[in-house]
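Enquirer: Now for the letters of each chain:
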Amino acid sequence: MNFTLHIWRQENAKAKGRFETYKVSDISSDCSFLEMLDILNEQLINDHIAHPVCFDNDCREGICGMCGLYINGRPHGNDDGITTCQLHMRKFNDGDEIWIEPWRAKAFPVICDLVVDRSAFDKIIQAGGYISVTTGGVPDANTIPVAKRFADMAMDAAECIGCGACVAACKNASAMLFVGAKVAHLALLPQGQVEANERVKKMVCRMDELGFGSCTNTYACEAECPKQIKRQNIARLNREWIKQLFSGNHKPNE
Amino acid sequence: MDTNKLIKISSITKKLLVGLFGAFLLVFLLFHMCANLFILAKDGGDAYSAFCHFMGTNVIVKVFEIVLFATFFLHMCLSCWLWWQNRKNRPVRYHQPSRTKTAKGSKLAIVTGSLLLLCIVFHFYDFYFVKMNVVKGTYMVNTEQLMIAAQKGNQEADPSVEQALIKCMTKEGGISADYKWLRNIESADKEVLQKAYPEAEFEPDFYNMARQKFSVWHIVLCYLVFFFLVGLHIRHGFESAFQTFGLNHYKYSKLIEVLGIIYCWVICLGFAIVPIVVFLGL
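Top to bottom, those sequences are chains A and B.
Under this note's numbering, read the first sequence as residues 1 to 254, first letter to last.
Under this note's numbering, read the second sequence as residues 1 to 282, first letter to last.
Read the hints as simulated data drawn from the structure, not as lab findings.
Any given hint could be a false lead.
[Stated by the list, open to error] Some chain A residues well away from chain B (every beta-carbon gap over 12 Å; in silico):
no., residue
1, Leu34
2, Asp38
3, Ile39
4, Leu40
5, Asn46
6, Ile49
7, Ala50
8, Pro52
9, Ile63
10, Gly95
11, Ser132
12, Ala141
13, Pro145
14, Ala151
15, Val194
[Claimed, not checked] Covered stretches of chain B, going by a simulated chain A footprint (3 or more residues, C-beta under 8 Å):
no., segment
16, 13 to 23
17, 79 to 93
By construction, the Cβ of each residue, glycine as well, lies at the ideal position given by its N, Cα and C atoms.
With these hints in hand, go ahead and build the complete structure from the sequences.
Expert: Spelled out as structure tokens, the structure:
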């Protein structure tokens, strides 16, 4: 298969970026999208055309959350419930033009080419996405009773790999699905409930500070989430926020 | 709470307030729609006139009117504030247009909302501003009041007053079936009568105004577009409000969606039926 690629090139965070056009040919339809970019980079290096294209990647099996490209108007490309590394060239037609852009958000500044700085997500987690006490080793089964459906819902929320596709897809660059998932998976379990009020307050305030937008309920995040985290987690975040608003008898130590 | 803290109100709290004010407006729309249906009653507008008189004079209604305007204003301001903040969160836009499947009503909420504001200004020009005495319209007056005022006033019979009275009384729909209201008074006649009987209180005759406006095809068309926009906005608003209040659950989300669609259609059709029926003279 042959493709024409329009790739965003930007030397560093301060440089002005632009689209460069490259052609790749004889790509196997079983090739993954990132492998296709590897082939392109080999070409660029061997033929002394340009510096290789920088892009984030790590596990290449859809569990680490490192990769993330905005391909032809969709984060992680034109398929549901996958990361960029799980996207295959058979999803495209021979001769297609492919536009590849980095995540665009104030909170995710471009570092180089297609690599963006997603440490804003770490900062939100640092604000409160944890349990303060050491919980020790794995407890015996049923020492702490957790209903199956809550365990399931917490597990579904905890599937979030923090790739940032929700922010990339949202027209407001909102991180509500990410924060929702992180707040929900802890708020659903007994260990997390102790600090629930304080946690949601700190995480949401940090989210606002870092320049993420608010939720307009278009659910673009849900549509593009590679782990198919549901909008109900955003509702739970709102619910936790309301609970926190009326809880009143605590002061977060800021 | 100092200004700094007020400005820093969390995005979720702002959303909650937008939703809360929006929910109030949703209930108001239902009420407004039901009230409009009185226009269709085959009683020559007696029920609707009585209703308008009540709405125009009751103190509680007047307080509610202020609450309603405040709600509307806050709903609008907070939405615009959020929209403005959100715009700044993506300084460099994508080159490719988004191909993500999303809820279109939500994406366009700010657009339909802004267009609605424009429509509401025109709607006010048609009806509400008449009440505020900014725009001229058609008026009605309580016959009892008029008689008392006539008995008090000892001025010599003015031919123009008599002429105006006769004109109003002989007009179609001029006198209500219960003889309680003298209606369909044109603004020129109203001024003559008002001058002669300063104690009589003239009220806007919304029934005849609506009938007159809705007999012109382009006004009917404009209102239908208006109701369509209302529908689009509600389609987003109803479901969104539940989501923002945290009332979304795997069990009930489908139910809420269906209720939202039903509510949207009820409001849309309820409003649209009045101009259509009046225009077609059914």
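Enquirer: Give me the numbers of the hints this structure contradicts, sorted from smallest to largest.
Expert: none
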